[in-house]
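If you read the sequences in order, they're chains A and B. Per the UniProt record's numbering, the first sequence starts with residue 1, numbered consecutively. Per the UniProt record's numbering, the second sequence starts with residue 1, numbered consecutively.
Hints in this document: simulated from the structure, not taken from any laboratory. Please note that a few of the clues may not be correct.
Identical copies look the same in the list; a pair holds intra-copy or inter-copy alike.
Below, computed lysine to aspartate or glutamate pairings styled on EDC-like, alpha-carbon distance capped at 16 angstroms [to be verified]:
| no. | residue 1 | residue 2 |
| --- | --- | --- |
| 1 | K121 | D88 |
| 2 | K121 | D149 |
| 3 | K79 | D32 |
2 protein chains.
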Amino acid sequence: METTRYKIIIQYDGTNFSGFQIQPHDRTVQGDIEKALKIMTKGIEIKIQGSGRTDSGVHALGQVIHFDYPIQMPIANMKRALNSLTTDEIEVCDVEIVSEDFHARYLTTGKKYQYRVDTNKDTNPFKRLYTKHHQYPINMEALQQALKDIEGTHDFTSFCASNSGRENKVRTVYEASVVQDAANGELIFTFRGNGFLYNMVRIFIGTLLQIANGRRPADDMKRLLEVKDRNQAGPTAAPQGLYLVEVYYDLEEATKGTAFYTPETKKMGVN
Amino acid sequence: METTRYKIIIQYDGTNFSGFQIQPHDRTVQGDIEKALKIMTKGIEIKIQGSGRTDSGVHALGQVIHFDYPIQMPIANMKRALNSLTTDEIEVCDVEIVSEDFHARYLTTGKKYQYRVDTNKDTNPFKRLYTKHHQYPINMEALQQALKDIEGTHDFTSFCASNSGRENKVRTVYEASVVQDAANGELIFTFRGNGFLYNMVRIFIGTLLQIANGRRPADDMKRLLEVKDRNQAGPTAAPQGLYLVEVYYDLEEATKGTAFYTPETKKMGVN
C-alpha cells in the first residue's frame, strides 16, 4: 500500500505518562498518539517511531516521531487532527512530509537535554513536577570544572543504569554546561551529544550536585570515567527536572556553537 | 484550655484539590492541613480558618489561615512539621504567632488576585494547569478602558455567580489592571479589592476577553454594572488561570499604589 511518511515534533508534560514507549497496561505518549491515529484512519493501526524513549515523568520540548499514513493529508490538517484527538498534555508543534528514507531513531546525529534544578530554600508547589528541588550551597567553580570533564568522547559506563543491556558505552558529549537563572532561582543544565545511555543525564546530575556540594572532589568526573563503575557515581536524579529539548538529524546542527563544530562537520554525515 | 493562635501563609497548586474548603468525600487544602495537624497533636481535631474559599483548580500564592494550637510550638518547628506532613502541592511559607483577636477571614481589608492568560497560538502542555489559553487578537486599548470601568465602588451583581446567596453585592475594586508578559506570551491581570463575590474575577475575565476580541463594545463594563444581571455578562473563565496572590489585614497595604490610597487610609481601620 502506498503511504506517506510524516515527521512530527511534539512537546509533552511527562507527569501523567508511564514514559514515551507503548506499554500494555499503562498510559504512554506513544499509546495516546497511536490511539489518535487509529481514530483518524477509522481503525487502521499505525505504529509510530520515536527518536528514543523518555522515562516516566520526563518531559519533552522537542521529541521527534515518524509514521506512515495511508493517505497524503495536508500538514495543517494532520497537526489539527492530532492535537484535537490527544489531551493538552501532548502538543504537536510541527508536521512535515518526509521521504521514506527518513527515520526518527536511526538517523539522529545528536540530542539536546536540559535539566532544571530549583535551588530556592523552600519548595514551590508550582515547580514540583518540573524541577528537582535542591536547596544546598552550590560551588559554581567546581561544577564548571566537572562539566568540562564530561565533554568529549568517553566510555560512560559509570553513568549508565546497570540494568541496561547496551554493549558500546562510548559516546561523544558536545556540550555540558550550566547557567544560573537568578530570577527563578534555578540552575539550568544543558547536555548535547551524539547519543545518551539509559539514565545518563540523570546520573550526571546526581553526581554533579554532589560535586557542587563539596561531597565529591571537583575532579571526580575524570576518575569516574576511568573506573567504569556505575556504583561509584552519584544517584539517579529525579525524572521531573529532565527535558528532551531537541533531536538533530544534521551533524552541523548538533554540534553548532561547540568545540566539536568545524565547517567540515556537515560532510562527515551521520555517525 | 490555653491555646496559641497561629497565622500562616500558604501557597498551593489547586490542580488536584476540590478547592480550599473541607468536603466530606473530596480532597481539599483545608482537609489536608487539618489531617496534618491531627497527626501533630496525636489525635486532637483542630479546625483551621481560611481568609476565604478558592474553587477547584484555583491556585494560591498567599492564602492566609489561622488556627489555635494546644501548645506553643516555635514557628520554625510549626513550619517544618506542616511542610513535612503535607504533600509538595502545599507549601507553608510563613508562620506567625498572633493574638486571639486575629481572624483570617473577618479582619481582611482586601485581597489581590491575578489571572494568567496564555495568548500564544499553540497550547503549551506545561501551562495547561496554570493559565487559560486564548489565542485570539487582543485590543489592548479596549481592555484598558474596560479595566478602568471596573475600578471603584459598584454593585457587582452582574459579576457574581447567580447561585450565590449573598445579599450585598457592593464591593470596592482598588485596582484592575493588565500587563503583557511578552517573553512568555501572556497577559497578567491583577485585581485588588476590599472583597470579591463568588466567581467575580473569573466572570471579569470571561467578559474582558470578549471586549478585547471586539465581541463586546469597549464600554460594556459600564452597562453591565448598571443592569445588575449575571446573564448579560460573559462566561466564567476557567479556574486554572486564577491565583489568590495576597490577603491584606491593613487598609494601607491593600490600597497602596492605587487611587484609593491616602495617608489617612490607615486610620480608617478595617471596613
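Results for each hint:
1. K121 x D88: between (31 angstroms within a copy, 14 angstroms between copies)
2. K121 x D149: Answer is neither; intra-copy 29 angstroms and inter-copy 41 angstroms both fail.
3. K79 x D32: For K79 and D32, only the intra-copy Cα distance (15 angstroms) is at most 16 angstroms; the inter-copy one is 41 angstroms.
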